[in-house]
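With chain A's structure known, arrange chain B on it following the hints.
As you go down the protein sequences, you meet chains A and B in turn.
Numbered according to the numbering used here, the first sequence terminates at residue 492, and the numbering increases by one at each position without gaps.
Numbered according to the numbering used here, the second sequence terminates at residue 527, and the numbering increases by one at each position without gaps.
Just to be clear, a hint being listed does not mean it is correct.
To be verified - Here are the simulated lysine-lysine pairs, BS3-like style, with alpha carbons at most 25 Å apart:
id: 1; chain 1: A; residue 1: K158; chain 2: B; residue 2: K412
id: 2; chain 1: B; residue 1: K494; chain 2: A; residue 2: K318
id: 3; chain 1: B; residue 1: K344; chain 2: A; residue 2: K318
id: 4; chain 1: B; residue 1: K358; chain 2: B; residue 2: K419
id: 5; chain 1: B; residue 1: K344; chain 2: A; residue 2: K135
id: 6; chain 1: B; residue 1: K89; chain 2: B; residue 2: K358
These are computed hints drawn from the structure, not numbers from a lab.
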Amino acid sequence: MWHIAKRELSDNLNSLRFALATVLLLGLMLTNAVVHLREHPERVQQYRERVSGHQNHIAAHASNGLYDLAQEGPGYLYKKPSNLRFCAEGSETFMSDRAQAGYHRWSTDTLKSFWILAYPSATPNRDNVRPEVTKVDWGFIIGYVLSLVALLFTFDSISGERERGTLRLTLSNAIPRHTVLIGKFLGAFISVSIPFILGVLVNLLVISTSSDVHLDAEAWGRLGIIFFIAVLYTCLFLALGMLVSARVQRSAVSLVVLLLVWVVFVVFMPSTLASIAGRSTSSGPTYDFSERSWKLHEELSSDYYANYDEGPEGSTKRIEIDGAYVTKDAEQQEQLHEERLNRRIAEVHRARAITRLSPVTIVQNLIESFAGTGFERHLQFLENVKTYAREFRTFIVDTDNADPESLHIFGVRTGMSQEPVSPEAVPKFEDTLNLSKDFNTAATELLLLTLFVLVLLSGAYLAFVRVEV
Amino acid sequence: MLTLIRRELLDNLMTFRFAAAVFITMLLVVANTVVLIRNYEQRLESYNTAVKTHQQKVRGTKTYSAGDVVVDRAPNPLSIFNVGLDKRLGNQVAIHHGFVPTLWDAETHGSDTTFLNIFFAIDIVFVFEVVLSLMALLFAYDAIAGEHESGTLRLLLTHPVRRSHILLSKYMSAMVCLLIPLLMSLSLAIILLTGTGSIFLKTADFLRIGGIVFSSVAYMSVFYLIGLLISAVVRRTGTALMVSMFVWGFLVLVYPNVILAALEPLHDSEPRAKSVFSQIQQMWEEFDTEHKAFLINDPVPGESTSFGIGWVGYNFKRFREDSRTLRYYYKAGAHFDEIDERSQPKVPYAQNYYRFLVPLTISTAERTWLVRNQGLKDIFVQPAKIDRTLLKLSPVGIYDAATQAWAGTDLLSIQDFFDAARQYRQTVIDYFYDKEVFESRQWFSADKGAADWRTLPQFSFQRSDIKINAKRALPDLFLLLITNVVLFIIIFLIFIKNEV
Chain A
24 MWHIAKRELS DNLNSLRFAL ATVLLLGLML TNAVVHLREH PERVQQYRER
74 VSGHQNHIAA HASNGLYDLA QEGPGYLYKK PSNLRFCAEG SETFMSDRAQ
124 AGYHRWSTDT LKSFWILAYP SATPNRDNVR PEVTKVDWGF IIGYVLSLVA
174 LLFTFDSISG ERERGTLRLT LSNAIPRHTV LIGKFLGAFI SVSIPFILGV
224 LVNLLVISTS SDVHLDAEAW GRLGIIFFIA VLYTCLFLAL GMLVSARVQR
274 SAVSLVVLLL VWVVFVVFMP STLASIAGRS TSSGPTYDFS ERSWKLHEEL
324 SSDYYANYDE GPEGSTKRIE IDGAYVTKDA EQQEQLHEER LNRRIAEVHR
374 ARAITRLSPV TIVQNLIESF AGTGFERHLQ FLENVKTYAR EFRTFIVDTD
424 NADPESLHIF GVRTGMSQEP VSPEAVPKFE DTLNLSKDFN TAATELLLLT
474 LFVLVLLSGA YLAFVRVEV
Chain B
28 MLTLIRRELL DNLMTFRFAA AVFITMLLVV ANTVVLIRNY EQRLESYNTA
78 VKTHQQKVRG TKTYSAGDVV VDRAPNPLSI FNVGLDKRLG NQVAIHHGFV
128 PTLWDAETHG SDTTFLNIFF AIDIVFVFEV VLSLMALLFA YDAIAGEHES
178 GTLRLLLTHP VRRSHILLSK YMSAMVCLLI PLLMSLSLAI ILLTGTGSIF
228 LKTADFLRIG GIVFSSVAYM SVFYLIGLLI SAVVRRTGTA LMVSMFVWGF
278 LVLVYPNVIL AALEPLHDSE PRAKSVFSQI QQMWEEFDTE HKAFLINDPV
328 PGESTSFGIG WVGYNFKRFR EDSRTLRYYY KAGAHFDEID ERSQPKVPYA
378 QNYYRFLVPL TISTAERTWL VRNQGLKDIF VQPAKIDRTL LKLSPVGIYD
428 AATQAWAGTD LLSIQDFFDA ARQYRQTVID YFYDKEVFES RQWFSADKGA
478 ADWRTLPQFS FQRSDIKINA KRALPDLFLL LITNVVLFII IFLIFIKNEV
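Chain B with its partners taken away, still in its complex shape:
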């Protein structure tokens, strides 16, 4: 068996296609890594500036209700491998008591290059998706058919070797040959990554990269086995090559793009969005009625929320609604720089008002969140899941999903950030309750001492643990491995029964 492997290995290593494979993979990976690293650095810089700007802005606000706490999502360094949703989705979101933030409320800070999106962005996994699969097929198409044509297969079988050994040795030697360009280009990419000052990879990150490499090998192997299968069935190199190329074109180029376009009408979510949104509006209307009732029943006549206080500053009531993303954003408050001396006795009325208003806003926001969360899941997440599943009928889709999970740029990992943001919102609210901020004078007025933001808990977000990444990637990885095994068994059966 070892002799067989050595023979195959020598055969493969000396070929032009091997040299070409190594050269092209390295060229593409290095060129793209350089671009991707620069892009990452830019995003990181913009993130740092955004964090600083947002902090300064909050600290500069003198009243609590007018403060805009904004949290930012840092770019993921592993997005260089598979960018996933990391770049596309919003990366800053406002934290506010009257609104539970989700992924669909996030905005984008950072480079303002709207039109440049028309150029397709690529990552290392995309390079592998295209090049590795092509290489694997080019190595496989003549593995059996070629030997069959040249007659060496017959010669080989006259020796007392088992057919399974021949097959295994072919598989192993080809995989070794294919691994060389993969590993070489990846190590170059990692050297480039660690060579820059801006990217720090932790041990867990290296493990994640290891997961990506493993998925890549499994993916490559699937395509090699597909090629081998074609080679075993067709038995003529010319035909095998043609079939392989068309299969490649179909699986990599055509299928992923066609399937989603063709099955679009499955997702008609408009009625659902409408019903959920009207439910949310209903809740806010209830809020409004209660609010009005309070203003009418309080000791100050009229419905004014200034309670006849003479002030310098501004009063605000912002609310934005968007029925498509089921957003209903409500933020009301005031920012008084000065309060008229004569109005001082009226200030407790305002304090009392906010003591009533803020908890009501919070509870309404939370009630609407329960409805909205389910609605968003049905309208946005569910179709995305169906799409992902459909894409997985091609190995490309499985590979993409697995590497996204490893890199932490898939939907679940991005949602982790927004979970953390929601948690942070809760922390901020608890902190405000503890310090009795809502009923304090500083909530709306800065005339006697400004708001103190220094002890506000800081937001921090750790990307999910490697174990969670692994758990998310495992189903897809498993799928790839199963495909491998099934293909291998089929090839084996065909090869055993083949007449030479």
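Isolated chain A (complex conformation):
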């Protein structure tokens, strides 16, 4: 078996395709590293500035008293950039890097709207007139280029030998067929791995030697997992190549079949399926949302004005009515935003469930979840934001309760504690990444990918065992 693997390997190493694949993968990985080194420090810098801006914002309002803090809210909350963004940044550009915790909605002479959690709806890409291209990240290199290379290495592994007659020769020796197959598989696997590993090494070397980007132990662990996923994915295409190569008589035909399968499954299936899934579940247009939001507010305010005369100016009753109006309005609007967000998330979940038919989507999802980017990460960020919002509100309530002079009526300045708030005591938003959570969501996809590989490998085995030489 090792003998066969070695023979395959030496055959491949001298071939043109090996040289071309090495150049291609090295070039891509190098570009990726250089681009990352250029962009990442800026991103981290921007994030730091924004976080300190957020803290200043809180401090400024805290010094104005509890009402101001409670009314304005914590302001923009920003997503922490992942230091493994070079692995997968494809979908990151389409997702907002912030959530809005508090913005001006309305005010009257005496009242101001309270803050709510809102999620930016505009696509960040809207005023970009430059041509749109796929980002060259590991997801792209592995998903598209490596899979193509894997097919180019295996399309003639069996049919080619059969054409030349060397297969008959090999099988005339006393070697079981599965040994031949495994040997061939190993040979192809190693010869595809060499350019890829070279590329990865160069990429990581460039990135880790730079002083701007710091990769810690956890990041290296994640990189290890991503590498393992890439290997599994390569195996899938190697197995596919062997399967077709064993079934088809001529290597030219085998390549045509493989390329078509590749084009359909890798290039077209993800986007076509996603658009089918997306269209069938599309949520309503934007103005529906603003209309609903406006209507809710309008109903509430007409109720409020209808009961306006019940509480005379300056009385506790007046404060109670005002406070109820403001807090109810904030609650309603936040719920509306929450509903819309959930609907959007459900859409993506549905679309992703369908696109899992394509191995490239699985692999890109997996890489994203381990690199701490992409949709799953965005959900985690939103979760963090919600937790923080609760924390912030609890803080306001607790501080207010600690003051015996306060009326404990939220929403109105006179109803709340007038004591100064120390800016240090206010909770700060800290966005975190959590690996164990990532692994849970990724486990199913990992299993699915393994299943694909196993099915194709056994298919290749069965095809090869039955093949007539």
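Relative to chain A, chain B alone:
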């Protein structure tokens, strides 16, 4: 020569790859067309609703200054072929006297599916970009190398045929074979298009589709010739195939994505944006000084813009600034439902104020527009142009640019809409001047008769003429054709000198 063509044609037509080419192209084109049509219909519906909503909203406003005139950009039916920028850029823009609208101020109405953008959207031209080029290479890699290996080339050349004829016949027969899947899938797509009730294609649209088809043929031919060149140089089918596949991977998959990422730092526009924006702010500050001077010098004491009028309604002053897109939006006015009887004598002061304020706003807006226009061009359009040019080093980029121009989804065509929107703004302002709206009572108050929006000129936008589309597509088409000719000459020279 005819015999040669017939021989090649029969050879090609009976192959597995031909059947596969037809099958795959049709499958992909049909599947994607169905999805794209549905998507177009949704966008059209959302456009119609938006137009209706915006009109109702304006008609419902009782004062002129509080009215929000919004124009909407209709989706382009040819975006099914090449979506270009049609879906990405904003499709509604506010028309207002204090602000000259551009593409960067447009907002989006329509489906609210923010996250779904993470899935790459495709169009028919993208299918062709990938599949046709692959097919062309698969047809070409063994055209010369294969015959060379099997020895039939030597046999053929013993006959009194000229080498150029052999080459031409190979080229022509392969192109015919490649045209079949292209035309079949396109006609299926057109049948699907015309089968829906929502899309009406005019004659000009069919001509535009014809332009797209022609560009597709030229694109396909470039890749066939690249394959033929490889086949003539390498002379072994195995190697030719490998080289072709890597060339394909590089040109279609790698180059367009790598080049833009690698050359990003060329465009650092921040200082330019800052200087332009401060210039714009300066102009508005001048406006503010003049405004204040007027309020101080007018007969009513104080700087109040209500002139002591007792009213029910609201006063507004909206302004939004964004230094990234150089936006400075200024809109001030009032909407009084009722005016106190005792304040009636003071109303002329307000009228006088607006007679002064609105023309000043207009002229300031127009002055800032001149600066902003140039700034926007330098900051946004110029880098996009450089990117486009870089992409054109690969045939994929040229093809994409040409088809976008034909379909009218390129930047220039989208800007046409915003030109029309600006023109419409001018029309509205002229109309207001004619009717003396700015100094009228209805500008700010609805207490004696509401604003009359019925005679306001309607906005209409016709997509650019087919001639303009053709003019925009021609340079790229020409580039494709030149590439074809150059490649053919090189192949010819190599083939003539080849030893058999």
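Inset, instruction - Could you work out which earlier hints the structure fails to respect and list their numbers in ascending sequence? - result: 2, 4
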